[in-house]
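Engineer: Fit chain B to the given chain A structure using the hints.
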Amino acid sequence: MRYEVKLKLTYSYDAPTDHARNLLRVLPSDILGVQRVTSRLLNFDPPPSERRDAVDFFGNAMTSVVWHEPLAEIGLELVAQVDRTSAQPGLDLSSPLGELPAEIAQMRSLGPDAPHHYLAASRRAGPTPEMTAFAQAVLQPGVTARAAIEAVGRALHREMKFDAEATDVDTPAAEAFANRHGVCQDFSHIMISCLRGVGIPAAYVSGFLRTYPPPGQPRLEGADAMHAWVRAWAGAETGWVEFDPTNDQFAGDDYITVGYGRDYDDVPPLRGAMRGAGGQESAQAVDVIPLD
Amino acid sequence: MQSPVSPLEQHPLLAGYAPSPGVADELFDGNGVMRPVWRPFVEKFLRLDPAEIPQRFERGDQYLRDAGVYYRQYTNDVLAEREWPLSHIPVILHENEWAGICAGLSQRADLLEAVMADLYGPGRLVSDGHLPPELIAGNRHWLRPMVGVAPRGGHYLHLLAFEIGRSPDGSWFVLGDRTQAPSGAGFALENRMATGRIFPESFPRDHIHKLAVFFNEFRRALENLAGRTMEGARRAAILTPGPANDGYYEHTYIARYLGLSLLEGEDLLVQNGEAMVRTIEGPQPLGALWRRMDAGFVDPLELDPASQIGTPGLMEAVRLGNLAMVNALGAGVLETRALMAFLPQISKVLTGAPLAMPNIATWWCGGAAERAHVRANAEQMMIGPAMAVNLPFDIDAATALGGQFRSGAQASISDWLESEGGALVGQEAVTLSTTPAWRADGEAGGSVRPCPMTVRVFALRTAQGWRFMKGGYARIGQEGDATALAMQRGGAVADVWIVSDKPVPPASLAPRPDGGFRRTIPGTLPARAADNLYWLGRYVERCEDAIRLIRAYHLRLAATGTPEDERLERLAAFLEANGVDIDQPVPDALLARLDAARACASKVRDRFSTDGWLALKDLAKTAHQMTATARSGDDAARAMGVLLRKITGFSGLVHENMYRFEGWRFLSVGRALERADALAALLIKFTDEAAPEGSLDIAVEVADSVITHQRRYRVQTNRDTVLDLLVLDADNPRAVLFLLNSLKHLLEALPRAEVAGRPGEILRALLPLRTKLSVIDPEAVTPELLREIRSDLYALSDLISQHYLR
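These protein sequence lines are chains A and B, in that order.
Terminal number for the first sequence in our numbering: 292, no gaps in between.
Terminal number for the second sequence in our numbering: 806, no gaps in between.
The shape of chain A in the complex, shown without the other chains (with noise of 0.2 angstroms):
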């Protein structure tokens, strides 16, 4: 499947701020045999002073700005071409949950794509015994661990209630399962919480989302917006399955991946400093545009 992505930010300061530094992770990258980026095209407005692109720890694109004069308002466009070939997993092959363990042991690596970066707690995301015990519960004996980790990503589904006014970026999410709402990056950090908790790495995922309008009407332009889902290890022969608690699937092809890490704190699509005074106010415009 192929899309258009188009993301567009606006980032505005009460007073005009002194050297702002900006770190972008909005970019889609190639990731074997899950996506293909066949263009894409970040730029700013004012031009920054300084531009730097890199790639972090865990394979993400990364864009560092700077502004030397002051600004009062800083806009940023992205647009990409991504051919996504993921698609919903076949057959449940993976090792049952209690050869887990062993399993990550045997994995003796750093690389981002280890398993043991996502079992301890990172800083948004880390067992709790309330979400731990949920996790239990849903749990079958002899589940596989991919079975685990649909069944807890469902079990998510069914308890919480997406409420967009409910929580803000900064709500831990002990507090959003406690109150059991929501937006999607809370309900991928319960998720992760809940897996690690017991013994399946969970990692975060940051990306886009095609949404489908009300049948009969026209696509609204804009109206999308960024997405979370939750990236999930099942065992060394089936590896890492994406499943999203918020629409209750695995990821497949309606799915654009920005970045992978622990959690939020390592895929942030913008951090921003900056010195002098005043808030800062932010809008935000996405479009996944189907080109198939």
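I should point out that these hints are in silico values taken from the structure, not numbers from a laboratory.
Be a bit skeptical, because a hint or two may be false.
Said to hold, decoys possible - Here are the simulated distance ranges between beta carbons:
| hint | chain 1 | residue 1 | chain 2 | residue 2 | range |
| --- | --- | --- | --- | --- | --- |
| 1 | A | K161 | B | K348 | 22 to 28 angstroms |
| 2 | A | D30 | B | G129 | 30 to 36 angstroms |
| 3 | B | A212 | A | G239 | 28 to 34 angstroms |
| 4 | B | E420 | A | S12 | 45 to 51 angstroms |
| 5 | A | D30 | B | K348 | 38 to 44 angstroms |
| 6 | B | Q802 | A | Q284 | 31 to 37 angstroms |
| 7 | B | A244 | A | D113 | 22 to 28 angstroms |
| 8 | A | Q106 | B | P36 | 54 to 60 angstroms |
| 9 | B | P354 | A | D248 | 39 to 45 angstroms |
| 10 | A | I31 | B | N377 | 35 to 41 angstroms |
Stated by the list, open to error - Listed below are several chain B residues computed to face chain A (Cβ distance under 7 angstroms; list not exhaustive):
| hint | residue |
| --- | --- |
| 11 | A137 |
| 12 | L301 |
| 13 | P312 |
| 14 | G313 |
| 15 | A356 |
| 16 | P358 |
| 17 | A388 |
Said to hold, decoys possible - Calculated from the model, a selection of chain B residues having no Cβ within reach of chain A, i.e. all distances over 12 angstroms:
| hint | residue |
| --- | --- |
| 18 | G30 |
| 19 | N139 |
| 20 | W142 |
| 21 | P200 |
| 22 | A244 |
| 23 | P305 |
| 24 | A423 |
| 25 | D565 |
| 26 | G641 |
| 27 | A690 |
| 28 | G757 |
Only a predicted model underlies this, so the values are computations on that prediction, with no experimental measurement involved.
A virtual CB, placed ideally from N, CA and C, is assigned to each residue, including glycine.
Structural biologist: Below, chain B without anything else, positioned relative to chain A:
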């Protein structure tokens, strides 16, 4: 065999000195014979008059107090300071023994560098099975942004500290490696200074190796690491978390000692991939940072996003190879306690040799065999978090010792090990050696007794290999318990003497290998330091002004006996307009200003004489104490007199002793500007036509110009004489024109004061006002003109901030 016993061992002060069996002692060998290296010192010490011993110790303590050495503990009051716990008797080691220690640690330092290079490079230790991946991947000190980044200069580690102890068999072992931001080098210096006051005799002092050699080499190593740009040298500096950090005193001390700028995150910015210091001359390139800040805090963009004390982009400067960190970001991972379990094997793999000096025996409980061993030997173990980076004796409630939980909460150690295995580590509950410490008790007023100790050793990378500080500092634990646990509570610190059989040449006079005497130009002033000095100047002046006004009020109150007097009412209203409640004999607003001055000073302690700092601290303390006793009227007037003398004491120190460089200029600009503004405000109120009789005298008195007025005019005050003296007189240091002239001189000396041979924006804002006041007569000094002066000064202050202080 009969051991020889000399009278020395029988001395009453040593009578109670009984090392425990099975514990090595520094003073006596296993046969009860005093070690030769101690003998010269002990002979001198025991010959002292018993009454003299406490006096000498007090001299050392007094030095530490005078030097402002303190130890900060994290408490509710972030500024709580505790007296430095000096154990007055040094630890003495022979240079040959020290050389053996250093040889062992030199190998260890190379090993740590190799481990670091692997963990942030190819990762072979993990892929070859020498390290469990989870110990690294789950470690918050292993910083992913550093993976694949080549450190500037080619090395990750430059300054290391090792905590070592001596086993019962007399050999040394390592309790912990300090790689993140090793602290204590400055305290070693202070301990040495204090011990020098206690034992000033030339013998054995002449035989003690000097510490200065190490610091000279350190400074040079930092400068080499900083390197050069096309235009000139890049700077090396120290990065501190700031005054709320428990090590801040040491940071200021060592910055002064080494002559390096002490910077906070706000002082830096990253531009075109280069780390720069914001200075009053604009950004200046920085090549090396000795960071005293844990790596995670250094850059909120790429490291811990919650950090409030870092500099956005610093990681980028590191990645591009433009900035060296001492030590490299991510070096904290080497402090992980569980790593100790694997280092003996890793040493063989990476260097082909076993560890020359063993580390504390450690078992990572992630392995079944190790877990079983720890369970079976729990009685002789400290069991705690595998990922902990503190030293073994800094144990917390979650640690089990000798088969007992510290918190006493959990059920069984066996269950705990089984359920949390990989998160735990067992370490041998080691026995340390004992060393003489003074205990001030008993009939003789005190005696020497054996207390457990560890020694902190500092190693520095130089072009010629690892160099070690010949000295260090020892931690001294509680008497009677030689396990590492004794170090935890109420420990003290002692100087470490490395002695030679021959006199050691004095270090500070040793010629520098790079060509002798060199006058170093102090680095350009960081903008934030300039800002603090400027505001220190303003606050101190604001305090002095308030004190004079308050005194003027209470003097008159004492004379009239009632506040219902027109002049008193005018003074009270004027004070109130400035936030001062005159019903309080020592008003809160005055205390707040004193505290503000002290807060500014505390942020620039590295640029400031110790005496100046102590004077300011004393001033604030005295004022706070006065609140309890001062009463309105004569008593308050006298209290203000005391404060006035103390504040002028501070000003005198600054005026007489502070080097006339940029920092002093900003302090002086702040004072002059504040004083001129306060004068204008005072004159608006007290030369007003409607002002009651005696107001002019108040103005002259508050401006401290009573005598001058009498001598110059020989008449009673009138509006013209007062305005002439306090506004237009170029020779009265309390006149506006005089202050504007001072400002002109100060501002002209600042960088970029002139642009293309013409006065810059700041001077152009000042000169017209100055010219005007030079030519007019007193009649022309109207309230409007005074208001104009104030608004011009306000604009001037703004311009100074814009140009230099951001």
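Engineer: Is the nearest CB of chain A more than 12 angstroms from the CB of A423 (chain B)?
Structural biologist: violated (9 angstroms)
Engineer: Is the distance from the Cβ of I31 (chain A) to the Cβ of N377 (chain B) consistent with 35 to 41 angstroms?
Structural biologist: About 49 angstroms separates the Cβ atoms of I31 (chain A) and N377 (chain B), which means 35 to 41 angstroms is violated.
Engineer: Please settle this one: G641 (chain B) was flagged as non-interface, so is its CB more than 12 angstroms from every CB on chain A?
Structural biologist: Correct as stated: the minimum Cβ-Cβ distance to chain A is 42 angstroms, above 12 angstroms.
Engineer: Please verify that the nearest CB of chain A lies beyond 12 angstroms from D565 (chain B)'s CB.
Structural biologist: With a cut-off of 12 angstroms, D565 (chain B) remains clear of chain A, as the shortest Cβ separation is near 45 angstroms.
Engineer: Just checking, W142 (chain B) versus chain A, shortest CB gap more than 12 angstroms?
Structural biologist: violated (9 angstroms)
Engineer: Holds or violated: the hint that P312 (chain B) contacts chain A, with Cβ atoms closer than 7 angstroms.
Structural biologist: Where the cut-off is 7 angstroms and the nearest Cβ of chain A is about 4 angstroms from P312 (chain B), the hint holds.
Engineer: Does the claim that N139 (chain B) lies off the interface hold, with its Cβ farther than 12 angstroms from every Cβ of chain A?
Structural biologist: The claim breaks: N139 (chain B) does not keep its Cβ more than 12 angstroms from every Cβ of chain A (closest is about 8 angstroms).
Engineer: Given G313 (chain B) as an interface hint, is the shortest Cβ-Cβ distance to chain A below 7 angstroms?
Structural biologist: holds (5 angstroms)
Engineer: A cut-off of 12 angstroms on Cβ-Cβ distance, and A244 (chain B) was said to be off the interface with chain A. Does that hold?
Structural biologist: The assertion about A244 (chain B) holds, with a minimum of 21 angstroms to chain A.
Engineer: Against chain A, with CB atoms and a cut of 7 angstroms, does the hint on A137 (chain B) hold up?
Structural biologist: holds (4 angstroms)
Engineer: Take the C-beta atom of A212 (chain B) and the C-beta atom of G239 (chain A), compute their distance, and say whether it sits inside 28 to 34 angstroms.
Structural biologist: For A212 (chain B) and G239 (chain A) the Cβ distance comes to about 59 angstroms; the hint is violated.
Engineer: So, as I understand it, the hint says L301 (chain B) touches chain A; can you test that by seeing if any CB pair is closer than 7 angstroms?
Structural biologist: holds (5 angstroms)
In this structure, the hints that do not hold are numbers 1, 3, 7, 9, 10, 15, 16, 17, 19, 20, 23, 24, in rising order.
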